[in-house]
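S.K.: Required output: the full structure, derived from the provided sequences and hints.
Below, each chain spelled out in residue letters.
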Amino acid sequence: MYGFIAKRLLATIPVMGVVAVVVFLMLRLAPGDPAAVLAGDIGSPDDIRRIRTALGLDQPIHTQFFIWMGRLVRGDLGTSIISSVPVTTMIGQRLEPTLALATTTILFAVLVAVPLGVLAAWRHGTWVDRLVMMFSVAGFSVPVFVLGYAYIFGFAINLKWLPVQGYVSISEGFWPFFQRLILPTLTLSVIYIALIARITRASVLEVLGEDYIRTAHAKGVVERRVLIRHALANAAVPIVTVIGLGVALLIGGVVVTESVFNVPGLGRLTVEAVLARDYPIIQGLILIFSGVYVFLNLAIDITYTLLDPRIRY
Amino acid sequence: MSVIPRTLPGADAVPAPPSALVRGGLLRHPGVLFGGAVLVLLAVMAVLAPWLGTGDPLALDPVQRLKGPSETYWLGTDFYGRDLYTRVVYGARISLIVGITVATLAISIGLAIGLLAGYIRWLDTVIMRFMDGLMAIPGILLAIALIALTGASLLTVVVAITIPDIPRVVRLVRSVVLTIREEPYVQAAIAVGTRMPSILVKHVLPNTIAPLIVQGTYVAASAILAEAILSFLGAGIPPEIPTWGNIMAEGRVYFVIAPRIILLPGIFLALTVLAVNVLGDGLRDTIDPRMSKRV
Numbered sequence: 001m002y003g004f005i006a007k008r009l010l011a012t013i014p015v016m017g018v019v020a021v022v023v024f025l026m027l028r029l030a031p032g033d034p035a036a037v038l039a040g041d042i043g044s045p046d047d048i049r050r051i052r053t054a055l056g057l058d059q060p061i062h063t064q065f066f067i068w069m070g071r072l073v074r075g076d077l078g079t080s081i082i083s084s085v086p087v088t089t090m091i092g093q094r095l096e097p098t099l100a101l102a103t104t105t106i107l108f109a110v111l112v113a114v115p116l117g118v119l120a121a122w123r124h125g126t127w128v129d130r131l132v133m134m135f136s137v138a139g140f141s142v143p144v145f146v147l148g149y150a151y152i153f154g155f156a157i158n159l160k161w162l163p164v165q166g167y168v169s170i171s172e173g174f175w176p177f178f179q180r181l182i183l184p185t186l187t188l189s190v191i192y193i194a195l196i197a198r199i200t201r202a203s204v205l206e207v208l209g210e211d212y213i214r215t216a217h218a219k220g221v222v223e224r225r226v227l228i229r230h231a232l233a234n235a236a237v238p239i240v241t242v243i244g245l246g247v248a249l250l251i252g253g254v255v256v257t258e259s260v261f262n263v264p265g266l267g268r269l270t271v272e273a274v275l276a277r278d279y280p281i282i283q284g285l286i287l288i289f290s291g292v293y294v295f296l297n298l299a300i301d302i303t304y305t306l307l308d309p310r311i312r313y
Numbered sequence: 001m002s003v004i005p006r007t008l009p010g011a012d013a014v015p016a017p018p019s020a021l022v023r024g025g026l027l028r029h030p031g032v033l034f035g036g037a038v039l040v041l042l043a044v045m046a047v048l049a050p051w052l053g054t055g056d057p058l059a060l061d062p063v064q065r066l067k068g069p070s071e072t073y074w075l076g077t078d079f080y081g082r083d084l085y086t087r088v089v090y091g092a093r094i095s096l097i098v099g100i101t102v103a104t105l106a107i108s109i110g111l112a113i114g115l116l117a118g119y120i121r122w123l124d125t126v127i128m129r130f131m132d133g134l135m136a137i138p139g140i141l142l143a144i145a146l147i148a149l150t151g152a153s154l155l156t157v158v159v160a161i162t163i164p165d166i167p168r169v170v171r172l173v174r175s176v177v178l179t180i181r182e183e184p185y186v187q188a189a190i191a192v193g194t195r196m197p198s199i200l201v202k203h204v205l206p207n208t209i210a211p212l213i214v215q216g217t218y219v220a221a222s223a224i225l226a227e228a229i230l231s232f233l234g235a236g237i238p239p240e241i242p243t244w245g246n247i248m249a250e251g252r253v254y255f256v257i258a259p260r261i262i263l264l265p266g267i268f269l270a271l272t273v274l275a276v277n278v279l280g281d282g283l284r285d286t287i288d289p290r291m292s293k294r295v
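One line per chain: the protein sequences are A and B, in this order. Residue numbers are given in my numbering: position 182 of the first sequence equals residue 182, and the series is strictly consecutive. Residue numbers are given in my numbering: position 12 of the second sequence equals residue 12, and the series is strictly consecutive.
Fair warning: there could be bad hints in the mix.
Claimed, not checked - Just so you have them, the derived chain B footprint on chain A, three or more residues with Cβ under 8 Å:
{"#": "1", "segment": "18-27"}
{"#": "2", "segment": "142-154"}
{"#": "3", "segment": "187-194"}
{"#": "4", "segment": "226-235"}
{"#": "5", "segment": "254-260"}
{"#": "6", "segment": "279-288"}
What the hints contain is simulated information worked out from the structure, not anything from laboratory work. Please read all numbers here as calculations on a predicted model, not as lab measurements. Where a beta carbon is used, it is the ideal one built from N, C-alpha and C, also for glycine.
M.R.: So this is what it looks like as structure tokens:
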């Protein structure tokens with residue numbers, strides 16, 4: 001078990017290494033002069049020179065690479081070109097709203113999607129199943145921001161049930177905090193629910209054909225217990241996998257959702273950095289988001305051994 | 001930029017000849033019919049855009065700004081007095097161009113790399129490690145960073161959306177190659193001394209076509225979404241060009257007084273992506289049946 005965890009931890013090193021190299025090379029191999037692009041149309045030659053020095057682009061490429069890797073290993077993501085604040089500080093300041101939104105979204109999505117998927121598999125071939133599948137295809141097709149604005153239009157502007165936009169920290173009271181998270185959570189979770197419900201249905205459906213399910217029925221186990229204890233428990237591995245892989249969808253969605261609802265989190269920071277052409281921040285965010293994704297999926301790999309005693313590495 | 005590989009290949013199905021496919025339900029499958037019909041209509045709309053009662057999508061008329069629907073402006077105007085109907089119709093052009101180009105590029109590049117990775121053993125580890133790393137970077141973020149560095153134009157947006165999609169195609173192709181190369185007929189071809197390029201083209205390539213067509217539709221759907229997201233965030237195609245994402249981005253400030261500026265292109269966008277996805281699911285069921293068992 002510990003050997004397995006150590007092996008999986010080691011395996012993330014090349015993946016994160018490639019991520020770091022890709023981020024490094026992107027800036028250096030971009031066609032044209034990235035310093036000029038980042039300076040923008042109104043950038044003076046002085047600005048371009050300043051940006052080039054700030055990004056270390058005036059040094060030979062191998063020197064740049066060792067400086068960059070050396071800093072990364074020490075947890076230094078560089079400083080913002082515009083505000084000269086360390087990127088890690090800027091990311092730290094914007095972490096809370098994104099963490100809050102991600103937590104509510106994952107909880108809500110799993111609580112809705114897994115029962116939906118089980119229901120669809122149990123009532124396979126009926127209108128319930130078709131409805132869930134239709135929702136799942138539609139959920140993949142409706143763009144996150146269109147959905148967000150549709151909710152704002154319906155629930156905030158017309159019905160006036162919820163605030164239109166914004167974010168209030170949890171330290172200022174739970175209800176104002178929670179109230180402003182409802183619409184962003186509903187927006188962000190749709191595609192995630194679609195994905196998880198689809199996989200849950202498919203994997204429960206496969207398990208329902210097994211002999212031990214028939215045996216359970218035959219010996220008179222109640223339907224609900226068959227579905228949860230026998231079917232869902234044995235179908236759990238693919239479901240948990242997709243909850244982890246789906247986090248990549250959430251990261252893209254967070255950028256959009258935070259812009260629609262004016263949530264001052266990491267997603268909005270990404271957009272602000274792009275509009276301000278503050279490349280070190282974009283770099284830092286890519287590394288952080290990729291790292292979260294890789295380590296979350298590592299954690300899930302490890303929980304398999306707990307979920308499914310048949311899996312032995 | 002579909003994030004999840006929705007197509008995980010099995011191995012053993014024999015591809016049906018094209019004529020049998022048409023008889024056997026390709027043109028009877030409701031998903032293929034619905035998705036195909038909607039896409040044909042959208043394509044006609046995009047090609048015939050100048051003759052559909054539209055005006056100049058860039059013509060400004062400050063006196064007429066933010067007007068509701070009228071006889072001259074069927075769906076009203078935006079903040080600059082431009083005709084919303086005209087801009088939405090022209091927006092279909094960009095979405096379809098992006099969808100088709102990104103799918104074609106990602107599939108061809110991914111196919112070439114995947115064939116090499118699947119067939120040349122020492123290259124396999126190197127390529128796949130690199131692809132794993134590339135896949136760990138969220139697609140939208142990678143695209144945003146690439147566009148920030150190269151400046152935004154239709155070309156850079158297409159390239160930036162294509163790059164994050166390539167690893168998924170590579171994985172798919174590689175896994176098909178790895179199963180096909182164990183087939184007796186490929187082993188036989190190797191035994192009689194057929195050269196590698198010839199084996200790849202004659203025996204391996206045909207087996208990748210069906211899964212790649214299906215994967216191509218999913219790539220196209222997510223590319224159309226990604227372009228709209230990038231434009232909407234202000235990191236995509238330059239704002240004066242009428243794309244659905246750009247129209248929506250401009251509508252954000254006036255959402256409370258003129259929600260149609262966001263909702264109308266939004267409906268078109270959702271319908272387009274839905275059509276491509278439904279077409280993809282239908283194709284998977286009919287031409288690539290071994291995958292319909294998964295999900």
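S.K.: Now tell me if each hint is right for this structure.
M.R.: These are the hints, each one checked on the structure:
Restraint check on the segment 18-27 of chain A versus chain B: 7 residues with Cβ-Cβ distances below 8 Å, three needed, restraint holds. Against chain B, the segment 142-154 of chain A contributes 9 residues with a C-beta closer than 8 Å to a partner C-beta. That satisfies the three-residue criterion, and the hint holds. Counting residues of the segment 187-194 of chain A whose CB falls under 8 Å from any CB of chain B gives 0; the rule of at least 3 is not met. Beta-carbon proximity to chain B at under 8 Å applies to 0 residues in the segment 226-235 of chain A; the threshold of 3 is not reached and the given coverage is violated.
Given as covered by chain B, the segment 254-260 of chain A passes the check, having 3 residues with a CB less than 8 Å from a CB of that chain where 3 are the minimum. Using a Cβ-Cβ cut-off of 8 Å, 5 residues of the segment 279-288 of chain A lie near chain B, which meets the minimum of three, so the contact claim holds.
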